[in-house]
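Visitor: Put the two chains together into one complex, using the hints given.
For the protein sequence lines, the chains are A and B, in the order given.
For the first sequence, the working numbering puts the final residue at 320, and the numbers step up evenly by one.
For the second sequence, the working numbering puts the final residue at 748, and the numbers step up evenly by one.
Hints are computed from structural coordinates only; laboratory data are not their basis.
Some clues are possibly wrong.
[Said to hold, decoys possible] Think about it this way: if two alpha-carbon atoms lie no more than 20 Å apart in a straight line, the pair counts; the simulated SDA-like pairs of lysine to any residue are:
1) B:482 with B:728
2) B:579 with A:81
3) B:606 with A:64
4) A:58 with B:610
5) A:252 with A:226
6) B:580 with A:109
7) B:606 with A:62
8) A:58 with B:611
9) B:610 with A:33
10) B:610 with A:56
11) A:252 with A:198
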Amino acid sequence: MEKLSEMKAIRAAYGEALVALGAENKRVVVLDADLSHATMTLNFSRQYPKRFFNAGIAEANMVCMAAGLSTMGFVPFCSSFAIFGAGRAYEQVRNSVAYPHFNVKLAMTHAGITLGEDGGSHQAIEDMALMRVIPGMTVVVPCDANETKKAVFAAATINGPVYLRLARPATRVFEQNMSFTLGKANVMRSGTDIVLFACGIMVATAMECAAALSQHGISVAVVNIHTVKPIDRVCVLKWAQRCKRVVTMEEHSVIGGLGDAVSDVLLGNGNFAFTKIGVQDRFGQSGKPEMLLAEYGLDTAGSLARIKTLLG
Amino acid sequence: MNCLELEKMAVTVRRDILTMICSAGSGHPGGSLSMVELLVATYCTQMHVDPKHPDAPERDRFVLSKGHAAPCYYAVLGELGFFDKAEFKNFRQLHSILQGHPDVKKVPGIDASTGSLGQGVSIAVGMALGAKAAGKNMKVYTILGDGELQEGQVCEACTAAAHYKLDNLTVMIDNNGLQIDGTNDEVMSLGNLHTRFETFGLNVIELPDGNDMQAVVYALALPTIPGKPKCILAHTTKGKGVSFMENQVSWHGRAPSAEELKVALKELGDGKIE
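Chain B on its own, in the form it takes in the complex (with noise of 0.2 Å):
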């Protein structure tokens, strides 16, 4: 895929999302809308995946250690044709695969359970581990909020990665700066996040803007070091893409209305690029 084919399948994953929430009357659109680029460049530029065949021993795996940003993962994962879109209507409904965060037993594509914070970066930990400890050329992937960061295992995680020198993973941060109860620095500040990560051993690529795919596909691209994690620390903007949605925290986590849906599904357009 071409960057303008990406950027145009971000449109559809945002519509989607959208849609998706708005349907079900719950979910997070804020935190689902800032780390599209990042899943859609992961999942079409980076990784080794068949939705034909999702169990596939040898895929590269990803975790979305942020899984309340479920309703981005079931949009990209829908889009790639891993199950049937028809599936979005029941999110977060009763006997749906689609639960309000991934569950590994229901989705064919998902690759673990996350939504308790902090834990699925451990598990990408393993999983990349596990690669290695196999002989394997897998690849593994996760994407982290911010507010996350403040979960002490996310230290335990990088420094487990840094010890087993894994550069078979990537360590993405989907820095919006906002959560529930406020902008991180009002909750509980993160200091420096570059030297943060850098310290653990971590290879950091700082992106200023999270949600330039060319950037974020660039960033991706990067050679690794031998023996380091790779870190993407992505600054992107909360609610991207919808501008009532922008930078606003009271969309971290409520649903928009059906008038609400159309003029947002407005802002965002079909996803044609002139």
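Same shape as in the complex, but just chain A (with noise of 0.2 Å):
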């Protein structure tokens, strides 16, 4: 499970993994608030313009709009930003789609400070949080493209609301073989000293994280939580109660996110060293996806220093 191969950005698996399931599901009708571009829907558009609706630079009404569509019996996906689909049209994600528990598909990219350039207006810290928080809502964040394909296709199965949290970098494509369940952690590796708990571009940092402490007689686990709500409740306590020293990490705040599910999952089922590595409740900031991942000590040399906080 350890072997790296290629980089390929979230977001271009999310735009391809979009036709494959038009083309076998002609109920799947695509949404986007003039950001097809960036979010890759362009390619659905292109494939598929009878079942692609631009709402212009109008997210409230994108997504109640596709809340109407889901009532005709379309499964509707809904693409912007993380910031303005989760932030901006959050009351009409809520009202609109969640309340009634309605088929709509929410897959907003560049999620996370690793937007870069565009600086902190347009980072989403707190999308997870705002989507976890939502009765019924199930929140999926893809470590990899191959994950993103396989979220796409899973996600389009099951009746309701879901959040797709996509990232904008090329990252780490993991094999292709890796299984995918909603709700079903990964195991990618395992350990008996410490568990790292990681989420979406962070899985590929634990895994580096892992393999550098195994240098030095570490036994480190790694879990993939692709599926943050509903988190898998049984593989989170088997692997905490294993290790005893727990780590979670995502790229977003550590309020509201995959830290806090993880510690509410632990709560009252045993004494364990926990930390969390994500973004210290401050906003992003423009610059290099990889320079701002080291600001924010999420590189893996910051990782790891936080994980050593534990190891004692």
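Guide: Laid out in structure tokens, this is it:
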């Protein structure tokens, strides 16, 4: 499972996955808010122009139109940047999609600080928290291009709202044959001394950290929590209780995201050394993605430094 | 239904609205009473719906964008037989299907959950778009309040409705002139609404009296202009039908007492047209 290969952007995989899904499911329609070149829904719009609806720069209306389309038997995928789809249109998602439990898929790209140069105004560091707190919302954060494709297809198979959190930059692609079941975490690597629970692009970082630590004789487990909600409680408990040292890794605020989801599972279930790697309650800023990851302590070096605080 | 029968139903609906709100001890009588003719005429003269098959895929759709007027919606659906009218007494109570604002998961015949203003019209646009995309002839109707027009999302929705040439969509404005904090003009002036909706690209039909059943029926029946969504701009009276509620801001969101209900029902009569 540790073999790493090519690099590919998760959003590029999203664009390809939509086209493939659209070919096999004619009920799939796609909406975008004037960002189809960036979210990669452009591919779908060219292939299936009659099933693509540009909402213009009007995210609130886009989300509610998707709600309406879902009641007519369609499976709408809505895309924009995470800051707008989960942020600006939050109450539309909450009241027009989730409250009636409509079958709308919110696939929001450019999540987290790796959006990069556009800066803090556009970097959603709280979207997982916003979506996770809504009753009945499924929240999925794929770790690579392959998992993104599987997540898109899986989202279309369940009836109800799904939030897909998609990153902008090219990230490492893990093996094609990794299994994917919504709500079931993937154990990427076994270990006994410490467990790293990660999601999204931080899964690759976790694997690098694990490899580095194993050089020093530390046995590190890495668990990919691609479905942050509903979280795989059994898997989280099992590995936390086995390792007793727990680290969560997310490209998101440490408030309300994966770290909190994992800590909710562990609460009252034993004593753990626990630390959360993520954006420490501050806004993002402009910069190159890799520089930002370093600045916010989310690169391999920064992550290792925090992990080592648990190793004594 | 002929016009007399529709007017009789309107009286029954008004009685239901007031009884429901009085029994709940809260709710929105003013804006429920002002849109009675719009809703009764829409359901009884235009929409293809079947109370026995409320989820029939090819039914016409209605979205109450001004969701706080739920009592009017429930009264019409109840009178049409979508659910047992005995439910009226449970309005706004724990475990009731009749929530304070319409809930699509709970009430047969309701097509969208609404209440957060500005969103229902967008949902209706999505439905109309969906009907077109599916190549179906279903029609979609929505009613907005005038205060609701202050929500920016209404502009987004109307822009999209015109862009996608949704001539299967009818947007009705219940222009009763009042909102919670006062008149529209005191709170946030709306300007010339006829011009506003025409500018968006909608086919505007203005009704000087939106509580005149015959006029509403006529406006709804007017042929659509191909490629243009229809907008019925209905000037209505808030609290219509109950003298002490008419044009009174204070009756936007308060329930009549048992005594006030008695007076109101007496004024409305029993719906028998001489």
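Visitor: Given the hinted pair residue 606 (chain B) and residue 62 (chain A), is their Cα-Cα distance within 20 Å?
Guide: Given that 20 Å is the threshold and the Cα spacing comes to 15 Å, the pair holds.
Visitor: Mind checking the alpha carbons of residue 482 (chain B) and residue 728 (chain B) for me, to see if they're no more than 20 Å apart?
Guide: Since the Cα atoms of residue 482 (chain B) and residue 728 (chain B) sit roughly 25 Å apart, the hinted pair is violated (cutoff 20 Å).
Visitor: For the pair supplied as a hint, residue 580 (chain B) and residue 109 (chain A), confirm whether the alpha-carbon distance does not exceed 20 Å.
Guide: Roughly 12 Å separates the two Cα atoms, so the pair holds.
Visitor: Would the pair residue 610 (chain B) and residue 33 (chain A) pass a check requiring their Cα atoms to be no farther apart than 20 Å?
Guide: With a Cα-Cα distance of about 19 Å, the restraint between residue 610 (chain B) and residue 33 (chain A) holds, given a limit of 20 Å.
Visitor: Starting from residue 252 (chain A), check that the Cα of residue 226 (chain A) is at most 20 Å away, please.
Guide: Given that 20 Å is the threshold and the Cα spacing comes to 13 Å, the pair holds.
Visitor: Given the hint that residue 58 (chain A) pairs with residue 610 (chain B), does the C-alpha gap stay at or below 20 Å?
Guide: holds, 14 Å
Visitor: Is the straight-line distance between the alpha-carbon of residue 58 (chain A) and that of residue 611 (chain B) 20 Å or less?
Guide: holds, 17 Å
Visitor: Please work out if residue 610 (chain B) and residue 56 (chain A) have their alpha carbons no farther apart than 20 Å.
Guide: Within the cut-off at roughly 19 Å; holds.
Visitor: Are the Cα atoms of residue 579 (chain B) and residue 81 (chain A) separated by 20 Å or less?
Guide: holds, 16 Å
Visitor: Compare the distance between the alpha carbons of residue 252 (chain A) and residue 198 (chain A) with 20 Å, and conclude whether the hinted pair is satisfied.
Guide: holds, 14 Å
Visitor: Does residue 64 (chain A) sit within 20 Å of residue 606 (chain B), going by the straight-line distance between their CA atoms?
Guide: holds, 19 Å
The earlier numbered hint that this structure contradicts is number 1, and it is the only one.
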